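Visitor: Could you put together the complete structure from these sequences and hints?
One-letter residues, chain by chain:
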Amino acid sequence: MGKEPTSMQKYLAELLGTFMLVWIGPGAGVVAGMLGVKGLADVLAIALAFGIAVAAAIHVVGKISGCHINPAVTIALASRGRFPWKDVFPYICFQLAGAVIASLLFVACLGSQASTSFGLGATTLNSGAGVTIPMGMIGEAIGTFFLMFTIMGVAVDSRAPGGWAGWIIGMVVAGIIITLGPMTGASINPARTFGPYVGNLIFGGPCPWDQFILVYCVAPILGAIIAVFVYDYIAQPDKGK
Amino acid sequence: MKCYVCEKSGNATEAIAVCIVCGMALCKDHLVRADIDMWEGGYPFPPSKLKKKLPRILCKECYDALITQR
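For the protein sequence lines, the chains are A and B, in the order given.
The letter at position 37 of the first sequence is residue 37 when you use this note's numbering, and the numbering goes up by one with no holes.
Converting from the second sequence to this note's numbering requires adding 1000 to each position, the first position being numbered 1.
If you are wondering where the hints come from, they were derived from the structure by calculation, not from laboratory data.
Computed from a prediction, not measured in an experiment: that's the story for all the values here.
Be aware that a few hints might be false.
[Stated by the list, open to error] A few chain A residues that face chain B, going by a derived Cβ cut-off under 7 Å, partial list only:
| no. | residue |
| --- | --- |
| 1 | E4 |
| 2 | G66 |
| 3 | C67 |
| 4 | V154 |
| 5 | A155 |
| 6 | R159 |
| 7 | A165 |
[To be verified] Heads up, simulated DSSO-like pairs for lysine-lysine below, C-alpha to C-alpha not over 27 Å straight-line:
| no. | chain 1 | residue 1 | chain 2 | residue 2 |
| --- | --- | --- | --- | --- |
| 8 | B | K1049 | A | K86 |
| 9 | A | K86 | B | K1028 |
| 10 | B | K1053 | A | K63 |
| 11 | A | K3 | B | K1049 |
For every residue, glycine included, the Cβ atom is placed at its ideal position computed from N, Cα and C.
Guide: Here is the structure:
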């Protein structure tokens, strides 16, 4: 029946899952920019790439590490005792490492123009549309709330029908990106923004770190934690899960 | 009920168990006890083996098909 994965195998699974997500998702943003795709087609292409990457990662590494591939998800699960706190720090470190590796290898595939011209698909606030840091925080918190609320409903709750979590969560990620993307870039995942920011720091693309902490770290984590508490209150799933 | 395997070889031995897979009645010489690992977890939780295993009584053929050839 197989062996229980070791801690290092779980950490590497998180690294590879996040690598997959950040290479495919933000990578699609870079490629859409290269092709000159604009408007809804741009958002749809990127959202679909993210959705497929999330769904595939869940099915591939979900049975090894749980496939959080998102520090907000890891912290939110730990906040209600569903995930051991001792594993939170290593999980987040490996998620961030996977995201950075993805961005650096994307530059290796496309050259430094991926960073200088297309920002490695990094998320930034749409200041042209008047989106400020507080507005961005609200948007990212709500987006991550919906992501975590869905995870709770289709995966954590033992009453959920089995086998559907990957695709449903992939599709909700795509849906969130379609709505939130034009406002904040729709990170809903601190690792997804961290990787391209580090790549841009090295290769000269945009990396507004002032936005990173509040909009792309604090807000998603808060949104995810609130989702866990709200779901537990309204649905009261098994205490054990 | 008699053991199916013994009965085929012309012996009539009292059965003490039934194979959980094929339903064959078995004596103590022809049964195999397999302890199956039990798991918890799965997305979004890492899988972990439970301490206690699930006991299963099988005949030799089912044991070979299900356990040995994995």
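Visitor: A separate judgement is required for each hint: does it hold in the structure or not?
Guide: Now for the hints, and whether the structure bears them out:
1. E4: 5 Å, holds
2. G66: 5 Å, holds
3. C67: 6 Å, holds
4. V154: This interface hint is violated because 9 Å lies over the 7 Å limit.
5. A155: 5 Å, holds
6. R159: 14 Å, violated
7. A165: Nearest chain B Cβ about 6 Å off; hint holds.
8. K1049/B x K86/A: Between K1049/B and K86/A the Cα gap is close to 19 Å, so the pair holds against 27 Å.
9. K86/A x K1028/B: 48 Å, violated
10. K1053/B x K63/A: The given pair, whose Cα atoms are some 20 Å apart, holds under the 27 Å limit.
11. K3/A x K1049/B: At roughly 8 Å apart (the allowed maximum being 27 Å), K1049/B and K3/A satisfy the hint.
Consistency note: the structure conflicts with the earlier hints numbered 4, 6, 9.
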